[in-house]
Each structure stands twice: as structure tokens, then as C-alpha cells.
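Assemble the whole structure, with the sequences as input and the hints as a guide.
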Amino acid sequence: MSRWAPRYFDIGVNFSDSMFQGVYHGSVKHKPDLEAVIARARLFRVERMLVTSSTISESEDHVQLAQKHPGVFYSTVGVHPCTVAEEFYCKGTEDLLPDVDEKLNKLREIAVNGTKTGAIKAFGEIGLDYDRLHYSSKDQQRTFFSKQLEIAASLKHLQLPLFLHMRNAVDDFVSILKPFVDRGDFPASGVVHSFTGTEKELHQLLQLGFKISVNGCSLKTSENLEVAAKIPRSQLLIETDAPWCEIRKSHASHKLLTSYPNLFYPEIPGMNDMKELAKGKKFDERLPFPTAKSDAVDKIEESLSQYRDSVDPIAMHPLVKSRNEPVFVGQVAQIMCSLYGLEEPDQIQVFLDEVYERSCELFGVD
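Be aware that the sequence shown starts at 2, since it is given in the numbering used here, and climbs by one per residue.
It should be emphasised that the hints constitute simulated quantities derived from the structure, not laboratory data.
For each residue, glycine too, the CB sits at the ideal point set by N, CA and C.
Certain hints may be false.
[Claimed, not checked] The list that follows gives simulated cross-link-like pairs (lysine-lysine, DSS-like), each with its CA atoms no further than 27 Å apart:
(1) 32 / 322
(2) 282 / 300
(3) 282 / 294
(4) 294 / 32
(5) 32 / 282
(6) 250 / 300
(7) 294 / 276
(8) 276 / 231
(9) 179 / 231
(10) 256 / 276
(11) 69 / 104
(12) 250 / 30
(13) 256 / 322
(14) 148 / 104
(15) 256 / 294
[As the list claims (entries may be wrong)] Pairwise CB distance ranges (calculated):
(16) 107 / 231: 35 to 43 Å
(17) 176 / 270: 50 to 58 Å
(18) 176 / 36: 39 to 47 Å
(19) 147 / 276: 47 to 55 Å
(20) 93 / 276: 46 to 54 Å
(21) 114 / 249: 34 to 42 Å
(22) 32 / 249: 24 to 32 Å
(23) 158 / 95: 28 to 36 Å
Laid out in C-alpha cells, this is it:
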């Protein structure tokens with residue numbers, strides 16, 4: 002019988018973000034390091050990742066990214082509420098662009114073709130975000146939430162779950178979504194990701210039959226933790242939303258974390274060797290990796306390269322300060338275990354297996 006080990010499915014990563022190309026606020030700070038980020042995640046058993054799309058071009062690009070990493074990466078197709086103005090409207094107006102129908106047909110085409118290849122596993126990220134109306138107005142968001150739901154409903158035969166975004170908009174969100182749900186348009190259901198709402202909002206979303214996914218933004222305050230603890234275990238998924246939504250020291254959930262090695266991050270022979278060899282360098286407080294500000298990544302990695310014959314090369318690439326990565330999804334799992342009162346190893350193992358298998362089932366992954 003093989004020894005148990007955790008398996009993770011990070012259901013929300015933003016790998017098209019420029020930070021993974023070493024670009025921050027338009028300025029190049031270090032070499033592209035996406036492959037190192039992926040390798041680090043895989044080392045700690047992040048076996049699958051869902052790459053979320055916010056635009057039509059991302060939806061197309063992510064199919065290719067998923068095909069480069071078969072069986073590990075999957076992608077979504079859709080336009081985020083904060084980008085509908087840029088995608089479908091004349092700049093600074095409520096006037097639709099002349100090619101809106103063409104763009105919506107393109108979304109449909111990407112969904113159909115991407116599903117055939119096995120790359121596309123969800124329709125989204127779509128929904129409403131009333132916290133960031135400077136990007137897209139309420140009317141713009143509502144219009145294209147409805148239009149994209151209509152496309153998804155017309156593709157019912159593809160059995161794509163919805164990948165949903167909701168911020169401070171639950172009443173409109175439910176009123177737009179519920180008629181589709183009541184008609185049975187989404188037999189594969191879906192997930193409301195990066196949930197940060199109230200207990201009342203949680204119950205409203207659960208009543209629609211959707212699963213709930215949490216990340217560091219879901220676990221900031223004591224109030225957040227109280228709500229997260231009320232998510233039914235049977236409906237929970239986990240994510241990082243990398244490079245965003247890290248778990249920070251200032252978050253109420255941070256105190257629930259313990260350091261490597263533990264059940265969530267089992268010991269890997271030799272992974273602590275770098276700490277011994279490179280005393281004086283800064284290391285992450287929880288994981289056995291060096292850490293650096295974005296503009297010092299290349300310098301730190303170069304200085305550590307002298308140890309390449311003694312340690313795993315993955316151990317030499319620094320985590321970037323304030324940039325989230327899929328490797329941290331195990332920390333989200335650890336916090337949720339604590340909130341659920343799961344302390345015994347067998348309880349934790351069952352929980353982690355359940356979350357992983359539930360994620361695979363929702364997104365149709367074997």
C-alpha cells in the first residue's frame with residue numbers, strides 16, 4: 002500500500018498576469034519564471050490547476066497553455082465583469098462596439114473547440130463586481146453577465162460548470178442567475194470563486210446549488226473566518242487566485258498556519274539543505290524557499306547558483322515578496338481544516354482527499 006500524500010487542485014490561477022513574466026506595474030523586475038512557479042507547485046503536490054480567463058484573448062491563449070501542460074493545466078472561457086467595458090464598449094461610453102456579436106461568437110467557438118481538446122473545463126470567469134465600478138458600470142456588467150449566461154446555456158450539451166465572480170452584488174447576481182438555474186440550463190452546476198461575502202450571501206449562493214471556493218482574500222478578518230467555517234464541507238473548493246490573494250501576516254488566518262514540514266507540506270529529502278548552505282539569506286517563514294523582492298530575484302538566484310550541485314534547482318529560485326503562487330494552496334487547506342476543527346491526521350487526510358476529488362469531479366477531470 003502506497004504512503005498517503007496530499008493532492009491539490011488549485012481551481013483559480015492567473016498565469017497570464019505579467020508578474021509571472023517578471024513585469025510589475027509595467028516595469029521589468031526579473032526574468033520570466035512561470036516554469037519555476039509550476040515546478041515549485043508540482044513539488045508540493047499541486048497536481049492540477051485551473052487557469053482563469055478574463056478576456057477573449059486570454060480565453061484563447063489559455064487553451065494553448067493548457068495544451069502545453071496536459072493533465073496539469075485546464076482553462077476557463079469567459080469575460081470577467083471588470084473587463085466587459087474594455088471588451089465590448091466604446092471607451093468611456095455606454096455605446097457597444099460594432100463587433101460585439103462577432104466577439105460573443107468567438108467566445109462560443111473557443112468554448113466548443115477547447116472542450117473538444119480537453120483544455121476548457123469551465124465557463125467563466127463571469128459575474129458581477131460592484132466593488133470596482135471604475136472598470137465597468139453596473140449596467141455593463143449586468144448586460145454581459147446575462148449575455149454570457151445565454152451562451153453557456155446554449156452550450157448545455159458541453160456540460161461545462163460555471164466559474165463565477167461575485168463582489169458586493171448578490172441580489173442582482175442571484176436575480177440574473179436564478180432563472181437559468183431554475184430552467185436546468187447548467188446541469189454541471191459551478192462554483193463561486195474567491196468568496197468574501199457574508200453568511201447571508203453564502204446561504205443565497207448555496208441555495209442556487211453552487212460550490213464555494215476560498216483563498217487568502219476569503220480569510221482576512223475574524224468575520225471572514227466565521228463565515229468560512231460555515232461553508233458546508235461538501236461544497237468547499239480551494240484556490241490561490243495567484244498572483245493575488247496571498248495570506249498575509251496581518252490576516253486573522255495567518256496564526257492558524259504552521260511551518261514545513263507538516264501534513265499539508267510533507268517533508269521532501271534535502272529541501273532544507275539550502276537553508277543550511279545559505280545562512281544569512283532570507284527564507285519564507287513557512288516553506289523551505291528563499292524569498293526576495295521582485296527587483297532582487299535574479300540577483301538572489303544567481304548568488305544561490307553556487308549550490309546547484311548540492312540542492313534541487315527548485316530550491317534556488319526565490320519566492321517573490323507579495324506575489325502569490327499555487328504552492329500556497331496547501332495553506333488555504335490548512336486554515337480550512339483548523340476552522341472545521343479537524344486536528345487528527347486521519348481527519349485531515351480525508352478532508353484533503355475529498356476536496357481534491359470534488360474539484361476533479363466538478364471540472365470533469367479523471
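Status of each hint after checking the structure:
Distance check on the hinted pair: residue 32 and residue 322 sit about 15 Å apart at the alpha-carbon level, within 27 Å; holds. Taking the CA atoms of residue 282 and residue 300, the gap is about 12 Å. The hint holds against a cut of 27 Å. For the hint linking residue 282 to residue 294, the alpha-carbon distance of about 12 Å falls within 27 Å, and the restraint holds. Simply put, residue 294 and residue 32 have alpha-carbon atoms about 13 Å apart, close enough for the 27 Å limit, and the pair holds.
Of the pairs offered as hints, the one joining residue 32 and residue 282 holds, with about 20 Å between alpha carbons and a cut-off of 27 Å not exceeded. A C-alpha spacing of about 26 Å is found between residue 250 and residue 300, which places the hinted pair at or below 27 Å, so the restraint holds. The suggested pairing of residue 294 with residue 276 holds, with an alpha-carbon distance near 18 Å, which does not exceed 27 Å. With a CA separation close to 39 Å, the supplied pair residue 276 and residue 231 exceeds the 27 Å bound.
Under the criterion of a C-alpha separation no larger than 27 Å, the hint pairing residue 179 with residue 231 is consistent with the structure, at around 22 Å. Between residue 256 and residue 276 the alpha-carbon distance is near 23 Å, which keeps this suggested pair within the 27 Å criterion. Proximity of residue 69 to residue 104 is assessed by CA-CA distance (about 25 Å); at most 27 Å being required, the pair is judged to hold. A distance of roughly 24 Å separates the Cα atoms of residue 250 and residue 30; the hinted pair therefore holds under the 27 Å criterion.
Annotation: proposed proximity of residue 256 to residue 322 holds, straight-line Cα distance about 19 Å (limit 27 Å). For the proposed pair residue 148 and residue 104, the alpha carbon gap of about 12 Å is at most 27 Å, so the pair holds. Straight-line distance between C-alpha atoms of residue 256 and residue 294 comes to about 23 Å, which keeps the hinted pair within the 27 Å bound. A C-beta distance of roughly 40 Å is found between residue 107 and residue 231, which places it inside the suggested range of 35 to 43 Å.
In this structure the supplied range 50 to 58 Å holds for residue 176 paired with residue 270, their Cβ-Cβ distance being about 55 Å. Between residue 176 and residue 36 the CB atoms are about 44 Å apart, so this pair conforms to the stated range of 39 to 47 Å. Separation of residue 147 from residue 276 is about 53 Å and conforms to the stated range, judged on CB atoms against 47 to 55 Å. Checked against the hint of 46 to 54 Å, the pair residue 93 and residue 276 passes, with Cβ atoms roughly 52 Å apart.
Our hint of 34 to 42 Å for residue 114 and residue 249 holds, since their Cβ atoms are close to 40 Å apart. One distance hint, 24 to 32 Å for the beta-carbon pair residue 32 and residue 249, holds here, with the actual separation near 26 Å. The hinted range of 28 to 36 Å is satisfied by residue 158 and residue 95, whose Cβ atoms lie roughly 34 Å apart.
Checked against the numbered hints given earlier, the structure breaks only hint 8 and satisfies all the rest.
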